[in-house]
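Both chains are sitting in their own frames, so use the hints and assemble them into the complex.
So the protein sequences, as listed, match chains A and B. Residues 1004 to 1461 in the numbering used here are what the first sequence spells out, letter by letter. Residues 500 to 845 in the numbering used here are what the second sequence spells out, letter by letter.
Derived by calculation from the structure, the hints in this document are not laboratory data. From a predicted model like this one, the values you see are computed outputs, not experimental measurements. All clues stand as given, with none of them false.
Covered stretches of chain B, as calculated for chain A (at least 3 residues, CB under 8 Å):
#1 552-563
#2 567-577
#3 586-599
#4 607-620
Label-pair ranges, simulated between beta-carbon atoms:
#5 B:D529 / A:V1335: 30 to 38 Å
#6 B:H640 / A:K1199: 38 to 46 Å
#7 A:N1198 / B:Y701: 39 to 47 Å
Quick reminder that beta carbons are idealized off the backbone N, C-alpha and C, glycines included.
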Amino acid sequence: MISEIIIPKLGATGGDVTLDEWLVPIGAFVNAGAPIATLTTDKATVELEAFRGGYLRAILARPGDTVPIATPIALLADSSDEPLGEYAARAITNLKETTTLLTANTDAVESQISNQKSAIENRKPQPPPQAPIASSSIAPLLQLPFLLALFRSMSLIRRFEDTLYQLFLQGLVPGTLHQYQGQEAVAVGVSAALNKDDVIFSTHRPVGHLLAKGSSARGVAAEIWGKAAGCAGGKGGQMHLCDITIGAPPSNAIVGANIPIATGAALAFQLRGEPRVAVSYFGDGATNIGAFHEGINLAAVKNAPVLFVCENNGYAASTHISLTSRVPDLAVRAEAYGIPGVIVDGMDVLAVYDAAQQAVSRARRGDGPTLLECKTYRYMGHSRGDPGGYRTQHELAEWRARDPIERLRLLLVAQHNVSPDTLTAIEIETQAQVDDAVAFAQAAPEPEPSLLETHIYA
Amino acid sequence: MRELSFSKALREAIQLAMRRDPNVFVLGEDVGISGGFGGGFTVTLGLSDEFGHARIMDTPISEIAIVGAAVGAAMMGMRPIAEMQYGDFVFCAMDQVINQAAKMCYMSNGQVSVPLVLRLPVGATTRGAQHAQSTEAYFMHTPGLKVVCPSNPYDAKGLLLSAVWDNNPVIFLEHKLLYGAGGGRKEKTSLDLYTHVPEQEYTLPLGSVAVKRAGTDVTILANMLMVHRALQAAQELASMGIDAGVIDVRCLAPLDIETLADSARKTHRVMIVEEDNQSGGWGAEVAARLTEMCFDDLDAPVLRVAAPDTPVPCAPALEKLYVPDVPRILQAARQLCQSSRENDLD
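Okay, chain B solo, but in the shape it has when bound (with noise of 0.2 Å):
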């Protein structure tokens, strides 16, 4: 079975759209010069060999620009699959995503459509509070986009097909610690990730989730790198007789909360695993949303383990601090698991 790394694995899927349709292009910063790097982290390394320099499309640093013509050329009926280099550039570009990309097709009552996929690398990597931030919340918050967050080699190409083939504007977050080794620019901490990906063409459905590990006494409901560490602990709180389930909300919007609600039904209890600052983040949606469908099943309030309400520090003592590890989410679960049976004795 052919493994592949997260990186080479979007590649792979971007080069099998370009291949069957003419209409699927790239355009970002850095994404195609010869002798560069394929954009911030070698996604689209060698594409410009093979499909040119007009559809592997270098940008200025425009991020208006480059999310303004994906919305231009998608509205003429192209698949422009747009790369912010950072995913914190996209602020620069808000505008467009939220007020252009996400609106068009509501606002002229279906005459037009946005199929675009604007990938957005994400994660803290000490880089600092400007080239770290997981950024889905806000997009899970307009009407109008689709949010996907792949956490492994396998789901990215299938989902990222997916994106491309939607016609919608599609938010696409790859965690920068899962791209694994490729052109020289992996990251220090990054996990050392690969995965069967079959070479042909697959898609996985949009807003989808994932259960990666059934279990009976706790739901941990986690994206991206935090999948990674949700299993870790789930593995180690089985030999502390603690039977942890562990979903990939491998897709934020639209929003499988059906299969996430029957896993709470079934455990009772939830704990969500989220990168992304507390306040107003994917997990407060969610436990919201449990909490109003599923209350008289659950022995305990759902528990986020979730960034603190900061910038993402830059020195690797605090940065560690700020993303929840193995031992915040042991320590979570235990709690959760035991204050809810204390509550049964009452």
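Just chain A, same shape as in the assembly (with noise of 0.2 Å):
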């Protein structure tokens, strides 16, 4: 459906307003809220807001354009291809004609990415059909605790990444980041599968798996400022998170690396005859590794009870899968290894959770390895620094659409009867246990030097 956006009565004297710029390129898409121009008044400049989400279609006015109240402005769409009917005729659907909206050097960017991207555009596999609401096969067997500690768990990991993010752009954390927004129904659906005993390999983005496990966000947090109080004593970082109390020996940053040693613990586990299984997290980039091949053939021909998952947000670091694999499903690799290879919309915390846990019973059960291929995103750059200049706001922004946070709301609102306020109150909690971390991290000792020398053997 299209929506037009209607210049709004400014203050009291009703008179003609201007349009000062755009803030929003067409074709991006925009938040319910979010504002997508400025204009002045005889009074005042003020932000132009989107009144519900959609991507910005059109334009129906320039910058620097005097424009009367109650005329439409913008038009709002569900797509960013949809047909613009009767506004066809004076819709401006190009960047170009927008002066203002871009600058020269913006422009040459843009169009230098673009040229990159339509480069890569026939062979990138396309993200899995749009589902706006958390969906599976299992959803109605699920009980309402359980799926709201879901959400507590993807809310504590969404509020924390994004408060470090706001705490790194004041310089205020140490270190690098590598940060895990978008993803958090991979490690929250993987978690949930898991018993407390089980064992994780973890990443070099590692926090959403710890939190997701039960580490304390206290305990993560120190240890990013580097802090004695952190949960490996300030001695791993930000990359090194470690918390053997549930499970999480040091999350590893050498790429795919944690696959055959993930491959070692489930060996540990089958000749002790214990029914534990353990999980190595990885992303796309780690499938192109040799330790992805020698750990996945070790744990398949010894039927070792692993769970390998694979994150495949699109990117490694800057380079795009396509770039570095004939397949698009990473999963189809599993074939080669004589094991399970499973594809799952990792932007759905259900569906994570549905394909996790009956790749952990297979496992427990004795009947090896199973390779979990979870479609996902990160919405920020690989690291710190990384405004992630390679990928569009288009496609950002399609991802952002199927948020697993916002399918699992909606879910909890339209098929549980769950307040929205409920949700709301959850969040604010988990926004306080972050708050309360980033305090408790902020004003942690430093280690003592001489911390420096111990724990170098055992």
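Now the structure itself:
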């Protein structure tokens, strides 16, 4: 559906207003309430907000134009290529026409990006069909407290990561950051299928994995701040979170290295006859490193109880997976090892939970490993200081429209009669938990110098 | 007194450890295949008959997975003994050794430990550059690893048992020419080395060195095969009136530098014999530390007799030039004693 954005009546005089600047490029997705343009009246400069979420499909005025109140100025659509119908004749859909929207400099960058994009476009795997609501065949079987726990866990991760990003921008976070926003459904869905004594082997992007498995936000935050109270005494840092009390040995910043290590942990469980499972998390980039092949193949031939979770967020740092793999679905590689490869919508926590649950059961009953590919997306850059210039706003918006937290929220409200206020209250609580963790981390003492030389050997 | 070869002493150590603790297991290429050859050099021959194929675990040719799985199992409380068929193959798995095994304890602030043993057959045996290197220096350089390099069957058993019970990753080097007869895999130029090896379990401290021969004129430091060549040289030096002591540096990390320094202070001359390439070898580190600790006691610079800085050549005639031999050790020792005596007269 095409919706008009209309110049509202601003101030008492009710006179014409001037359009100063578009704040969003044509084609981008905007959330409800997001500012899309600045307007000047005879009294003040104000921001014009989108009254609903949607794609800025076209504009009907250029910067500098004077527009009367109550006239349409922009068109929001449900997709970036929705037909414009009656507006087609006067709608401006070409970015080049909005001269002040993009400076010459950003124009050049955009065109460079779009050239790169078109080079890979043909081979780029399409995101799975948009499902606006969390769904899975098992959804009707799940109890409300369980679903609320999933919501709380994803919210905690999102609040934690968003808060850290804000602090990072203020220069208040030491070291590096590899953030997990967008991928929460994977860690939370997998963790929900695990027992406390199951073990996870995480990556350089470990915050979600550890929080989802039950590590304390204080310990994680203090570790990122390099404090002695950190979950690894400050010696690990953001990329090497460790909390053995929840089954998390040091997270691994060598891509793919945790794959054979998880296999070894699983072999330990197998040799001792323990009904435990090991999980190896890794990204799409890791499927091209030798350790992936060796580790999965060994697990396969030994029937080791391990779950290989590939979080395919499409990019190894800045390199799109289509540039490094001839197969868009990485799960097909499982076939080469004679184990099941499962593809799941990694933006849907219930789908991830369902698939993880089946793979974990399979491993626990002695039927060996599974490669679980979760199609997901990271909203932030690869690491600190990466603005993600290799991706389009359009692509980001498409994935954000399938946000795992919002999808679960929709399910809870629509099918479980949960009040939106209840969910907001959970988010306020998780934000408070994060604020507490950050305050704890910032106030915690630095490690004593003597700790430099402890625990080199056991 | 019962005498055993080096390979049988190692096998007995593994057998005793596995009988004592179900958490001990072996993994590697060709280690337990029935009708196979018990790993690269027969060390695990027959063990799968007693312990089965789960605990004498044959793996694909996947060095990353062998070491990686050992790291993962060790962090979960097992005591894996991993074998590289040849020591040179460990370079395929260096990330797992250096970034993983060695750093896990530190990165976790002591929450996890990695009690594994990684056995590496080393030494030049006319197989060419990729089945021959002595690799100890790479590991001695890495905090978090222990490095053991025994020279005889008695030490091999006691040190391997210590390595298994140690809670850290231990790199255990075995010189191929020391293994001796066993399973038809005896090396042509192998030493025919048998020593007394008690039947029961015993351990030797990791981080220890062994004084093999006391001397007053020069201290010769050596490991593995070079210990035997140093001892032979010392015997010949005695007939020339030079009293050479020999210390077997059977552990490089931790390193008992104090015992080495004590000897250096006594003899005032130190010579290091190593099969490793000279540049950045273990001898370089030992020489530097002795110079720092007892410069005033030394009559001459610490002298190294090492392999040249070349890959290991294959041709027997060239390999003989590469590996330090008794004549080279003799010549260097005489030169060291001669020149420093002349200096004494100045």
